[in-house]
Each structure stands twice: as C-alpha cells, then as structure tokens.
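*Asks:* Once you have looked at the hints, place chain Z on chain W.
For reference, the chains in residue letters:
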Amino acid sequence: MSLMKHLAAATGAIALTAGMAAADPALIFDLGGKFDKSFNEAAYEGAQRWAKETGGSYKELEMQSEAQREQFVRRMAETGANPIVVLSFSNIETLNTVAPDFPDTKFVLIDGIVDQPNVRSIIFAEHEGSYLVGMLAALASKTNTVGFIGGMDIPLIRKFGCGYAEGVKAVKPDATVIANMTGNTGAAWNDPVKGGELAKSQISQGADVIFAAAGGTGLGVLQAAADGGILSIGVDSNQNYLHPGKVLTSMLKRVDNAVYDAFKAGDKVEPGVINMDLASKGVDYAFDDNNKDLITPEMKATVDAAAAKIASGEIKVHDYNSDNSCPFVSF
Amino acid sequence: MTTLPKWADTFLVPLISLLIAFVLSGLVILAIGENPVAAMKLMVTGALGSTYGWGYTLYYATNFMFTGLAVSVAFQAGLFNIGGEGQAGLGGLGVAVACLYVPWPHWSLALIAAIFMSALFGAAWAAIPAYLQAKRGSHIVITTIMFNFIASALLVYLLVNIMRPVGTMDSASARFDAVMRLPRLHDILALVGIPFNNRNPANISLLIALLAAVGVWVLMWHTRLGFELRAFGKSEKASVYAGINPVRITMYAMLISGGLSGMMAINTVMGEAQRLLLNSVEGAGFIGIAVALMGRSHPFGVVLAAVLFGFLYQGGAELALWTTVPRELITVIQALVILFTGALDDMVRRPIAALFLLFRKART
Chain W
0 MSLMKHLAAA TGAIALTAGM AAADPALIFD LGGKFDKSFN EAAYEGAQRW
50 AKETGGSYKE LEMQSEAQRE QFVRRMAETG ANPIVVLSFS NIETLNTVAP
100 DFPDTKFVLI DGIVDQPNVR SIIFAEHEGS YLVGMLAALA SKTNTVGFIG
150 GMDIPLIRKF GCGYAEGVKA VKPDATVIAN MTGNTGAAWN DPVKGGELAK
200 SQISQGADVI FAAAGGTGLG VLQAAADGGI LSIGVDSNQN YLHPGKVLTS
250 MLKRVDNAVY DAFKAGDKVE PGVINMDLAS KGVDYAFDDN NKDLITPEMK
300 ATVDAAAAKI ASGEIKVHDY NSDNSCPFVS F
Chain Z
0 MTTLPKWADT FLVPLISLLI AFVLSGLVIL AIGENPVAAM KLMVTGALGS
50 TYGWGYTLYY ATNFMFTGLA VSVAFQAGLF NIGGEGQAGL GGLGVAVACL
100 YVPWPHWSLA LIAAIFMSAL FGAAWAAIPA YLQAKRGSHI VITTIMFNFI
150 ASALLVYLLV NIMRPVGTMD SASARFDAVM RLPRLHDILA LVGIPFNNRN
200 PANISLLIAL LAAVGVWVLM WHTRLGFELR AFGKSEKASV YAGINPVRIT
250 MYAMLISGGL SGMMAINTVM GEAQRLLLNS VEGAGFIGIA VALMGRSHPF
300 GVVLAAVLFG FLYQGGAELA LWTTVPRELI TVIQALVILF TGALDDMVRR
350 PIAALFLLFR KART
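Here the protein sequences line up with chains W and Z, keeping their order. With numbering that gives the first Met the number 0, the residue at position 202 of the first sequence is 201, and numbering never jumps. With numbering that gives the first Met the number 0, the residue at position 160 of the second sequence is 159, and numbering never jumps.
Next up, chain W with everything else stripped away, as it sits in the complex:
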C-alpha cells in the first residue's frame, strides 16, 4: 500500500486533505474482522464490487482494540482518504469526536446515527426484514414451533429476534418461538460447533425452522438444520446457496449496497440519515433458485403483502431498541 508515502505528509497536515482532488475512499472494519462471514464481510464485498466496476482503489483497515477506534479513524482521515466508511454503532462516539476535526472529509457510519455536518449515517431496519422471515418461518412450520439463535446477547441481536418473533406471531399467534443466544463473549460470533448444538437442542424441542443471526456461528446452525432435516434461515447475505433446498430464506441486510453507494458517491456523499428499510430494499428476504421450491406462491403472496404494508406504514413492526423490551419473546 502506498500509505507509507502519505505518512510523512499527513502528520498534522489537515489542510492537505482539501488539496487532494481524487482521493481514495476508505473502509475501516470493526473488531469482528474483515472476514467475519457477516457484517464486516458484507461491507468488504460492497467495496470489492465498487473496485471491480470502476477499477478504482480503496484503503482499508481492521481495528484490533477499543483504544484504536479513534486512532485509526483519525489516522485514516489524515491520509486524505475520502469518504471514509466506518462500521458499527460502537463508533458513534468515535465519529462524534473525530469528524469535527476533519470538516473537509466525509464520513459514513453504518449502523448508527451521528449528527455531524460531514457524516452520513446509515441505519438498517433489521426488525422489518426479520418480521418477514418470521412470517415465512411460521408459514413453513408444521410443528408450530420455530427457533431463533443469536450470536452474542447484544441489543442488535435482540432487535433481530424480536422482529422475527413478531412476524411468527402475526401468522400463527399460538406458535412457540424458542430463542437462544450463543454466548457472552465475542467468541459467540464464531462458534459453529455451539451453534450446531443449540440447533440440535431446538430441533429436539420441536422446532422445524430456525433463524440464525449469529455471524460465523450461524454456519453451524444451518449445517445442523440441514443434517436434522429441518429448515433454517440465513442472515445478512444471501446464504440460501449453502444448503440448497434446506435453507428456507435469508434475511438480507444490504451493508454491501450501503458501502457501494458511499464509494460511488465519493467525496460528494450527502450527509444525513439514510434509513435502509423494506421500502428502500435495505433489508429484505432472499428468494432465488435455491429456495423457490420451499416458498409456495401463497406464502410469497402473504409475505409480499405484509412487506408492502410495512413499507407503506400500515403495519408497524416493534423495534426492540425503541423501548428495550420485546412483547413477543423473552431472551
């Protein structure tokens, strides 16, 4: 990377950034790491897609510790990169501190809202997408019992789980939703073995559709579900292809699109809050060749009707984070 060359010039020379016309965009991965098979990797894919299409180059960094949040964003801004895409709500405070120091640099935060004139905040309506896959789960279930397996027990995952449970209950009010979290440490995001065990335990409790919102752990859930002859639901990217005909659908969270759009806009990224919801196709459920036999036209019609109602505001899906509670399932 040519970052070294910038090093000497960059230290303390904030004014420099204004002079750089065609600056490279930058992507800073969060602590999960670039290849987390989930959130960060989706962002990476978006950046790669942009690089392939435009032939442009971009800079990237992986954070390793909490203390590096401010350090890395600041140093990246000093190199003149523009715009700088930062991932995760954990960086709200970071950008509130750093962004005002670089008024000519545009920042994009995914998954959190920062009120600064040079920051675009992108938030996803995970609860709405989860609601749709919850409906599909309930429609596909024969045992009237469906499962949810989260990664670490953090509010974001509860948001997924709560939307899912609401979707299930919207179709079958008497259905049972079993919810489990994988663990209490960061390892919970990458523990496919435990994910598989939790899935087996849920199968033994009667679940015949399981939604995994657990990063790398989810791969174990999908595997165990396929082995156990039940259906699973993937998350973030389209994971239908992993076990064709065994994955009911995937809850899509188009982080890749958010990164791609930001890179494409370059330093002309508009600040403000962008809500990536069902209406803007920021979240959705996956329907492709791999699962077209699992989702009947009636199921699809029901879910699409609900999606239209959510998009128009007729149905309002409960957002766990609005009041830190979920009336549909307990975690």
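Just so you know, the hints here were simulated from the structure itself, not pulled from any lab data. Please read all numbers here as calculations on a predicted model, not as lab measurements. Just to be clear, a hint being listed does not mean it is correct.
[To be verified] In silico DMTMM-like links for lysine to aspartate or glutamate, alpha-carbon gap of 20 Å or less:
(1) W/K193 with W/D226
(2) W/K193 with W/D35
(3) W/K58 with W/D23
(4) W/K245 with W/D226
(5) W/K33 with Z/E235
(6) W/K58 with Z/E235
(7) W/K280 with W/D260
(8) W/K58 with W/D260
(9) W/K58 with Z/E33
*Replies:* Quick look at chain Z alone, frame taken from chain W:
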C-alpha cells in the same frame, strides 16, 4: 537454576528470548512478502518515535502494569491467578458505579472513589476463588478462569439489560459526566512545560500504576505480610510450620491481586472510554500473566515488561495502519514474544546456564 549470576538471570535471558522472538517474527513477515527490517523500523518509530506513539504505548503499558502486578503478587505467594480478565471487568463495573451514580464535583474526588471501587470489586471477584482454594482446596487456576466467564456473563447482563441507556444499540453504559474526565498525560506534562501529543489516551492512571508498582515492592520486600506471602510461595509446609496461617495468606494474596487487576479499569474505563464498554479489558488480564513471567514477578521487571508489551500493541497498530500485514499476523508476533519470554523461558535459560558453567570451569 542458581548457576546463573543475577544480572544474567534478570536481563540476559529475557533479552535473548526477545531476540529469538523478533528474529522468528522477521522470518514470518518475510514469508508473507513484506520487508522485515522496514516492518520492525515502522513498529519502533510508530510506537516510540513520537510523543503520539509513546502516548499509546504507555496507555497500553498502564493496563499491563496493573494486571502484571496482580499476577506477580499472587505468583509470589505460589498462587496462579489467571482470573485477571474477570477481575478487571468487575473493576470496570466498580468504576462505572462510582462515576455514574454520584455527582462528583471534581475529577480528583471521583478518581479516589474509582480507585477504591475498582479495587474493591476486583478483590471481591478474586475473593470467592481464594476462599474456595483456602478452605476447600478447589484449584485456583480452574476457579479463577471459570470466574472470567461468569464475570463476562454478568457484565453482558448488566450492560444489555440495566446500565444501557434506552434507545442505544451499543452495549455500554452512559457516558460519565465531563467533570470526571481524567487529566491526560498531555495535560500533566504541560504543567511542567513538556510538550506532549494530545491525541492519545495516556492519562494519570499511568502514575497510579507506577505508584502501585512501588507499593507492591514495599509490600513484598519491606513488610511482614510480604515476607509471609513470599515464604508461603516458596514452601507452604515450611511456612505453616513457622506459624503462617495458609488461609489468611491465600486470601490476602488473592485480594491484593484481584484489587490490582480491578484497578486497571481506571485506565480503560475512566481514562479512555469514559463509559463502561462490554470488552473494556480486551485480554489485558491474560497479557498480565506474560508480563509477570517476563518481569520475574518483580515490580520493576513488570513495569519494563509492560512497556515492552505496550510497544508491541502500538507497534502492531502502526503495522496495521501502514502495511498490508494482516492483523492476525500481528497477533502472531505478539504471541511469539509471549511464547519465548514466558513459556519457553527454560529453553533459553538452560543453554545459557550451561554456558556459564563451562566458562566457570574453564577459569578454575
């Protein structure tokens, strides 16, 4: 290994271990197609070449001083406390409780309260394994590491369900009042007219860590309790015969150790983040073991080893910033240093001891 003179034992052996670790790291960097000399240079200039780099190095070092001292105190008493991670996590909770629920008028008062609470919470978390060891013979290695997981679960529960402000996604407590912002190293050095970069998290906790190191030294070598701790560590049976109460010593050693681990949170929670984060400890509890091993469980050695590990952390960050060395490889470099200075210590010590023996024989 009494064949080694003291200077060789305390300086030569770690130095050679370190050299081997760096040579191996260089080979690894070479293997992935980067220039190892340039990489090392980048690490050194990035971590020690500017006050900015020093700031980060010292910030990390402060964490490792606390946890390293914690491990070394317990180790002197023959107890292997690997629960620093959980004790520091609970210490963070103590700091958060002190800072969130009392409207302190000035940071200095808040700091005193935070020191007290962090040490109290950390010590309390170490007290249960200590009691189980002292009274029931449950092995401290097993219990302390299990308590790390319990601490983690407790923190997740508190941060997700109770301490998190409504509407935020981040599993973290609310921000402390701005009054409680600890003076950064930059502010302190400015008082005596030394310019220091103000974009780094090094703060007054560093001085507390150094004071703690002096305190541990006084305790271990200049008080009766310290003598009892060390005697107990050298030989339990002999010390019991000499009238030292094993239950009391085990409890004291672990309480002091847990308290020191807990105090690490002053640096991360109060000094840096200004709020309690879910992973504010970030492995410093475990690094403390390596720091204590490398520092020969002596406060002075611990301080030096802590700075070395701070250098590795900040140097590693610079590598990530300016090269394509993947972050996993930076962890490999850190791991090699731990491996050679800690685990494989004897591998270097024995040949050197043999060498010294040869020299001595040749002379006589």
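*Asks:* Next step is simple, just say for each hint if it's right about the structure.
*Replies:* Going down the list of hints, with the structure as the test:
no., hint, in the structure
1, W/K193 with W/D226, "15 Å, holds"
2, W/K193 with W/D35, "17 Å, holds"
3, W/K58 with W/D23, "7 Å, holds"
4, W/K245 with W/D226, "9 Å, holds"
5, W/K33 with Z/E235, "50 Å, violated"
6, W/K58 with Z/E235, "58 Å, violated"
7, W/K280 with W/D260, "13 Å, holds"
8, W/K58 with W/D260, "16 Å, holds"
9, W/K58 with Z/E33, "18 Å, holds"
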